[in-house]
Each structure stands twice: as structure tokens, then as C-alpha cells.
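Build out the structure end to end from the sequences listed, making use of the hints.
So the sequence shown is numbered by this note's numbering: it starts at 1 and just counts up by one.
Hint data in this document are derived by calculation from the structure and do not stem from the laboratory.
A hint or two may mislead.
With a straight-line Cα cutoff of 30 Å, these simulated DSBU-like cross-link-like pairs (lysine-lysine) come out [to be verified]:
(1) K432 x K7
(2) K432 x K16
(3) K204 x K64
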Amino acid sequence: MRALHRKLFRDLAAMKGQAAAIAVVVAAGVTMLIVFATTHDALTLTQERFYQDQRFAEVFADLKRAPNRVGERLRTIPGVNQVETRVVAPLRLEVPGFEDPVRGLAVSLPEHREPMVNRVFVREGRLPEPGRTDAVAVSEVFAEAHGLGPGDTLRAIIRGRLETLTITAIVLSPEFVYQIGPGDLVPDYERFGVVWMRERALAKAFAMDGAFNSVVLNLQVGADAEAVVEALDQILAPYGGVGAYPRSDQVSHRILEDELQQVRVMATVLPAIFLGVAAFLLHVLMGRIIRMQREQIAVLKAFGHSLIEIAGHYLMLTGLIVTLGAVLGVGVGAWLADLLAGVYMEYYRFPEVRFRLQPWVVAVAVLVAAGASLLGAVGAVRAAVALPPAEAMRPPLPERFKPGLLERTAWWRQLSQPTRIILRNLSRHPLKAILSVTGIALAGALLLLGSQLFKAMEQMVDVQYRLVLLMDTHLSFTDPTPERAAREVLHLPGVRYAEGYRSVPVRLSNGFREYQTSLLGMELDSRLRGIIDRDHRPVSLPAEGLLLTDYLAEYLGLLPGDRVRIEIMEGRRRSVILPLAGTVAEPIGVSAYMERRAVNRLMGEGPALTGVWLLTEPADRPALFRELRDLARVMGIGLIDDAEAGFREMIDSTLLAFMTIVLALSVSLAFAVIYNNARITLAERSRELATLRVLGLTRAEVSWILIGEIGLLTLLAIPPGWLLGIAFAYGLNQAMAVDMYRIPFVITSWTIAFSAAGVLLASALSLLVTTRRLLRIDLVSALKTGE
Numbered sequence: 001m002r003a004l005h006r007k008l009f010r011d012l013a014a015m016k017g018q019a020a021a022i023a024v025v026v027a028a029g030v031t032m033l034i035v036f037a038t039t040h041d042a043l044t045l046t047q048e049r050f051y052q053d054q055r056f057a058e059v060f061a062d063l064k065r066a067p068n069r070v071g072e073r074l075r076t077i078p079g080v081n082q083v084e085t086r087v088v089a090p091l092r093l094e095v096p097g098f099e100d101p102v103r104g105l106a107v108s109l110p111e112h113r114e115p116m117v118n119r120v121f122v123r124e125g126r127l128p129e130p131g132r133t134d135a136v137a138v139s140e141v142f143a144e145a146h147g148l149g150p151g152d153t154l155r156a157i158i159r160g161r162l163e164t165l166t167i168t169a170i171v172l173s174p175e176f177v178y179q180i181g182p183g184d185l186v187p188d189y190e191r192f193g194v195v196w197m198r199e200r201a202l203a204k205a206f207a208m209d210g211a212f213n214s215v216v217l218n219l220q221v222g223a224d225a226e227a228v229v230e231a232l233d234q235i236l237a238p239y240g241g242v243g244a245y246p247r248s249d250q251v252s253h254r255i256l257e258d259e260l261q262q263v264r265v266m267a268t269v270l271p272a273i274f275l276g277v278a279a280f281l282l283h284v285l286m287g288r289i290i291r292m293q294r295e296q297i298a299v300l301k302a303f304g305h306s307l308i309e310i311a312g313h314y315l316m317l318t319g320l321i322v323t324l325g326a327v328l329g330v331g332v333g334a335w336l337a338d339l340l341a342g343v344y345m346e347y348y349r350f351p352e353v354r355f356r357l358q359p360w361v362v363a364v365a366v367l368v369a370a371g372a373s374l375l376g377a378v379g380a381v382r383a384a385v386a387l388p389p390a391e392a393m394r395p396p397l398p399e400r401f402k403p404g405l406l407e408r409t410a411w412w413r414q415l416s417q418p419t420r421i422i423l424r425n426l427s428r429h430p431l432k433a434i435l436s437v438t439g440i441a442l443a444g445a446l447l448l449l450g451s452q453l454f455k456a457m458e459q460m461v462d463v464q465y466r467l468v469l470l471m472d473t474h475l476s477f478t479d480p481t482p483e484r485a486a487r488e489v490l491h492l493p494g495v496r497y498a499e500g501y502r503s504v505p506v507r508l509s510n511g512f513r514e515y516q517t518s519l520l521g522m523e524l525d526s527r528l529r530g531i532i533d534r535d536h537r538p539v540s541l542p543a544e545g546l547l548l549t550d551y552l553a554e555y556l557g558l559l560p561g562d563r564v565r566i567e568i569m570e571g572r573r574r575s576v577i578l579p580l581a582g583t584v585a586e587p588i589g590v591s592a593y594m595e596r597r598a599v600n601r602l603m604g605e606g607p608a609l610t611g612v613w614l615l616t617e618p619a620d621r622p623a624l625f626r627e628l629r630d631l632a633r634v635m636g637i638g639l640i641d642d643a644e645a646g647f648r649e650m651i652d653s654t655l656l657a658f659m660t661i662v663l664a665l666s667v668s669l670a671f672a673v674i675y676n677n678a679r680i681t682l683a684e685r686s687r688e689l690a691t692l693r694v695l696g697l698t699r700a701e702v703s704w705i706l707i708g709e710i711g712l713l714t715l716l717a718i719p720p721g722w723l724l725g726i727a728f729a730y731g732l733n734q735a736m737a738v739d740m741y742r743i744p745f746v747i748t749s750w751t752i753a754f755s756a757a758g759v760l761l762a763s764a765l766s767l768l769v770t771t772r773r774l775l776r777i778d779l780v781s782a783l784k785t786g787e
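In C-alpha cells, the structure reads:
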């Protein structure tokens with residue numbers, strides 16, 4: 001073994017604490033990139049394969065009713081490759097042993113073949129046999145929620161008749177990767193299910209013999225989806241078409257894409273922050289470590305070692321530490337990514353997750369970390385080897401002394417000698433102090449970023465379910481219903497207050513930008529549906545025009561006072577232009593709002609409702625649900641408490657799982673940074689501190705010099721850490737805004753205190769370790785040179 005190799009391992013053994021801390025910094029950055037990039041890659045690959053294997057539709061259209069011969073016309077549209085006409089109908093389900101109301105959606109399967117578009121994946125059992133009228137396939141999430149399997153039965157209310165259905169298969173569908181009921185904000189697998197029946201049986205049950213009310217299409221390669229949508233609308237308009245739309249607007253796909261966008265943002269922004277912080281810290285820390293060995297470098301030069309050999313030695317030292325951190329980061333990152341991919345499978349249902357650790361992800365993470373640390377090492381080695389051996393073997397010349405501003409003040413002489421040493425050292429080495437403060441501030445910023453997201457998610461849910469959704473139950477009707485229905489509902493068991501609403505599908509457009517959503521018509525003085533601004537103050541419905549959620553207005557490029565084109569997607573398909581009266585700041589979902597009677601006027605209809613919001617007595621809900629089951633017009637029943645619980649569970653299982661990883665890595669990185677700073681400071685000044693002990697300073701005074709210097713740097717770093725953390729949090733929140741929800745930018749006293757407390761605790765623990773080491777220094781050995 002060469003002498004330089006022996007020195008390498010001696011150096012590693014001597015600085016094992018610093019090496020471990022630097023490895024943790026590297027591991028945190030590498031883990032962050034591996035987790036988010038690998039999770040995104042696994043979900044994207046799984047989505048693409050599932051869509052391809054099951055021939056997921058590229059264009060969708062719903063309508064009232066069209067004869068089957070119209071399907072032949074659809075096949076002649078330029079760019080269309082495959083067309084599948086079908087029957088889709090809402091129904092109510094009854095599951096044995098489950099008392100709450102259950103909504104269902106029935107989708108037809110071709111009688112004697114598999115669908116050409118939107119094929120189902122059979123997880124268990126067999127698809128219903130042709131000709132059977134009592135057999136269904138059931139979505140996997142619904143079956144799991146109720147413990148159902150092939151051979152079990154459930155009951156369905158179909159056009160007022162109670163039918164018993166036998167489950168023959170448990171299936172997955174690309175159309176319902178994220179299974180969510182119409183109008184719902186989050187999935188409720190117990191109260192909404194999808195079933196598939198053979199076309200003849202379903203068409204007969206809903207009086208759709210020889211007709212269809214839904215069509216899905218796949219396109220030829222290079223076809224213009226927008227042109228196909230336009231042609232489809234023209235053909236289906238006479239048959240009650242409610243607007244064709246591309247895959248990008250399909251509910252399940254859009255929500256999945258939103259989630260992938262958030263993971264993509266986290267895979268880009270968070271690793272960039274962590275690896276950037278790690279790169280900066282490695283540059284500073286490795287530079288300081290190598291500068292401490294300038295005398296050893298001089299001895300090596302004097303003994304004939306070339307500059308390349310010396311540089312290679314220190315680069316190898318750096319490389320070993322980085323390799324240790326990278327291996328740790330890759331292992332932990334791959335393990336966490338695999339766990340998170342499994343968590344996503346609970347909400348986004350695929351046959352399997354195609355998890356793989358991409359070599360390029362590992363390469364990028366390792367190269368960034370290695371490049372940063374090697375850059376720090378190269379700079380320090382160049383500075384050290386530039387000196388002639390004789391000069392480098394001498395300690396650096398003492399700096400020219402002159403009293404500074406602090407030393408000219410009246411209170412300077414009131415300070416103890418150790419305190420004056422602290423202040424004098426910091427004022428004479430401002431660059432080193434600034435770099436130390438910056439490193440600690442970055443650690444504090446990451447702590448604030450991680451903690452802020454937890455508070456933001458809590459506020460988002462509280463605002464939606466305490467200030468916006470003020471009802472406890474909502475009913476939806478199969479068709480627009482006279483407004484007297486709201487008064488009639490008041491006579492049902494346990495109903496204390498009822499308020500009707502009208503919801504209409506619309507396409508909003510401004511120039512080339514458009515968005516398909518719902519226009520919600522509500523009472524001017526609604527007690528059960530809040531509308532709020534950014535400061536959570538109530539907003540009144542305008543006498544003219546409409547309100548949009550601020551996210552939607554920004555997407556369309558609209559400001560209050562601008563005019564927006566509204567195309568109503570049902571009925572007579574009218575188009576109107578109305579002024580934007582203002583915006584509202586709801587954190588979940590996107591929508592448009594008008595006074596209910598104004599919406600009915602737009603539709604050219606009399607007073608009508610599509611649903612009712614209720615305040616009910618919890619004890620009377622079982623009786624209320626029994627009454628509602630007998631009302632044929634009631635399509636769905638939703639409980640706000642259940643929706644809130646489901647949303648919180650989804651957030652906790654997905655986004656907060658990511659944030660927990662971020663926070664844990666932030667804490668690890670903060671401690672590693674501050675501990676390393678303290679250890680290197682001790683190593684740099686051990687000879688000075690030992691000299692002061694020999695000159696008569698007590699152990700307490702010498703310890704105070706170290707504690708006071710690091711403590712002062714820590715206190716100075718906390719305010720800039722807050723500012724950096726606020727900037728990180730704001731940028732991340734803006735980048736993660738999607739249609740489904742927007743994380744509010746929330747900085748509370750708790751997040752500020754958490755960041756400061758985390759930094760102070762890490763500093764205290766680091767000082768505890770380093771001070772104990774200081775007190776055990778052998779004065780004779782410390783005053784000798786290492787050579």
C-alpha cells in the first residue's frame with residue numbers, strides 16, 4: 001500500500017465525524033432526487049402501458065340518445081381510428097350490510113366481443129356472459145371497500161325497479177384509474193361504484209334498445225383531436241350532445257395528470273433545492289478541511305510527490321465520502337420510492353406498478369453531488385499547492401492588526417476577554433462567517449419549507465369544509481327538477497334546512513384558451529354554500545355577470561371586468577358573453593358561480609334545480625336515507641363529513657407522505673450541516689484554544705469561545721433562513737397548483753418557530769458533542785504539528 005493510501009485512510013479515521021456528516025448531506029440530496037424522479041417515472045410508465053394495453057380512448061362524448069346507425073357516421077370522421085358506442089347510465093346500489101346510500105354508474109360491454117376502446121382488465125373472475133341480464137363486473141376499489149368478490153350479489157334500483165345482480169368479475173378500467181363520483185371532490189369507494197353489464201341487458205333496462213348515449217374514440221397517428229371533437233359535436237348536436245372532449249379533459253386522466261405534475265414539480269424543484277444546498281455546503285466544508293492540511297501538502301511536495309498525485313489524493317478522499325453518501329442515498333431513495341409507488345396504488349388503480357430505478361437518475365444525483373464536492377476540493381488544493389514547500393510549512397502570517405469599529409466603542413472593554421476573542425475573530429474573517437451563516441440559513445430554510453406544507457394542507461381542508469361547504473348532506477337529481485323539490489325535502493325525517501342549486505356543464509373561453517367546468521347557480525343569500533376571497537371574507541354573488549375561482553381566471557387570462565364566452569353544454573347549447581364580476585379563492589376545485597335564477601334564464605327554462613343542499617339531524621339520517629331510496633329522481637346522496645374524511649385520508653397518504661420525507665431529510669441535513677460546521681471550527685482552532693488554556697484561561701472560558709462563536713453564527717443565520725424558507729415555500733406552492741386543489745401559502749408563527757427551534761436544537765446537540773471533545777483535548781498533543 002502506498003504512503004498516500006495509508007494517509008488517506010488515516011485521514012478518514014481522524015475525521016470520521018465530519019466524513020459521516022458530509023455523507024449525510026450527500027445522501028439527503030441524492031435521496032430526494034431518487035425518491036421523486038423514480039416515483040414519477042414508475043407512475044408514468046405504468047400509466048402509459050395500461051393506457052396502451054387497454055386502448056384508452058382519446059376522445060369522449062356524451063349525449064341524450066342516438067340510434068346506433070349514427071355510430072357509422074362517426075367512423076367516417078377524418079382522423080378517427082376506432083369508435084365504440086355504448087350505454088352509460090347512473091343507478092343506485094344497495095350493498096348487503098351497508099346502510100348508507102350508494103351511487104353507481106353502469107357501463108355497457110359489447111354483447112359478443114371485448115370493447116375496441118376502453119377495454120377492462122379482469123383482475124378476478126370472468127366478464128358477464130352474453131345474454132345474461134343479471135350479471136355484472138364490478139370495479140376493484142368498490143369491491144374491496146365492501147369485501148365483494150365473484151359470486152356475491154348486490155341490488156340495484158334501475159328506473160324505479162329493484163334488481164338483484166350477481167358479480168362475475170372484479171375489473172380495472174383506464175377510464176376509472178381514479179374512480180370518483182360525478183360532482184365529488186375526492187373518491188368515496190364505499191358510496192360510489194362502477195359496474196359493467198352486457199349491452200343488450202343494460203340497453204333494455206334503461207329503454208335504450210338500438211341506441212347509445214355515450215361514445216369513445218381512438219384516433220389515427222397524427223390526427224387533430226380538436227378537429228375530431230368539433231366534427232363529433234356537429235354530428236351529435238341533434239341528439240342531445242353535451243360536448244365532446246379530448247382525453248386531457250377526462251376526469252380520471254386529468255386528476256392523474258395533475259398528480260403526476262405535482263410529482264414532476266417535486267422531482268425537479270425539491271431535489272434542485274436539496275442538491276443545490278448540498279453542493280454549496282460540500283464546496284465550503286471540503287475547502288475548509290483541505291485548507292487545514294496546507295502544512296501536510298507542503299511536506300508531500302517536499303518529499304517529491306507531484307501536484308497531480310497530491311490533487312488525486314484529496315480528490316480520492318472527497319470521492320470516498322461522496323460515494324458513501326451516494327450509496328446510502330440511492331439505497332434509501334429506492335426503498336422510499338417503492339413504498340410511495342405502493343401508496344399511490346391505493347388511489348390510482350393499475351394492474352401493477354412498473355417500478356424501476358433508472359440509471360440516469362442515479363447518475364445525475366451522484367454526478368451533481370460529486371461535482372460540487374470535487375469543486376470545493378480542487379479550489380482548496382490549488383490554493384495550497386501554489387505555495388512553495390518552505391513557505392507552506394510555516395503557519396500563515398499573522399494578519400495586520402488594527403482596532404475595528406467594535407473595539408472603538410465604549411462598551412468594548414466591558415466585555416470579557418473570551419467574548420472579545422469571539423467578536424474579533426468573526427469581524428476579521430467576514431467571508432468565513434458569511435459562508436457559515438449561509439450554510440446554517442439554508443438548513444433552516446429547508447426546515448421551514450417542510451413544516452410549512454403541513455400547516456398549508458391543514459388550512460386548505462379547514463377552509464373548504466368550514467367556510468365553503470356549509471351543508472352536511474347534498475342530493476343530486478337525475479334531471480332538472482322544479483324548485484318546489486327543495487320545499488318538499490323539508491318534510492323528510494331530520495331535515496332542518498334545505499337549499500336548492502342548479503349546476504350546468506359549460507365551456508368557458510377567452511381567445512384561444514378554454515376550460516370545461518360547471519356553472520353553479522345558487523341563492524343570493526346562500527346559507528349552505530360559502531364564497532370567499534383570499535382573506536377568507538364572504539363574497540356576494542353579482543347582480544350581473546359571474547364569478548370564477550382565481551386559479552381558473554388566471555388560466556383563462558381574465559381580470560375582473562373582462563368578458564368571458566360561455567358555451568352551455570346541454571339543452572339548446574346556447575353561447576353567451578358575460579362580464580367577469582370578480583374572482584373567489586377556493587382552495588379545492590375550479591368552478592363558475594351565478595345567481596340560480598340567472599342560470600335558469602340562460603338555459604331558457606323555468607325555475608329548476610339539479611340538487612339540494614341540506615342541514616340534517618345526524619340521529620335521523622338512517623330514516624332519511626330510507627326515504628330517499630324510494631325517490632326515483634334522487635340520483636345521489638353525499639355526506640360532507642365522509643367527503644372531508646376521505647380527502648384528509650387521501651392527502652395524508654399521498655402528498656403528506658412526500659412532505660414527511662422532505663421534513664425528515666431537512667432535519668437530517670440541518671443537523672449534519674451544523675454539526676460539521678462546529679467540528680471543523682473546532683479542528684481549525686484547536687491549537688489556538690489549547691494555547692489559551694496554557695496561557696491561563698479556564699476550561700469554561702475556552703469552551704465559551706467555541707460555544708459563543710457557533711451560537712452567534714446560528715442566531716445570525718435564523719432570520720435569513722426564514723426569508724429563504726419563505727421564498728422556497730412560495731415558489732413550491734405556486735408550482736404545485738393544479739385543478740383539483742391549490743396549496744395555500746401559509747406562514748404561521750408555528751412554522752417560523754419550528755424552523756428556529758430545529759436550527760437551535762441541532763446547534764445545541766452539535767455543541768454538546770464538540771465541547772466534550774474540546775474538554776478532552778491533550779494540550780501537549782494539540783500544540784504539536786500533525787506532520
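Pair hint outcome, K432 versus K7 [Cα-Cα no greater than 30 Å] = holds, 27 Å
Would you mind confirming whether the straight-line C-alpha gap from K432 to K16 stays at or under 30 Å?
-> Given that 30 Å is the threshold and the Cα spacing comes to 23 Å, the pair holds.
Is K204 close enough to K64, meaning Cα to Cα at most 30 Å?
-> Holds, at about 16 Å.
Going through the hint list in order, the structure satisfies each hint without exception.
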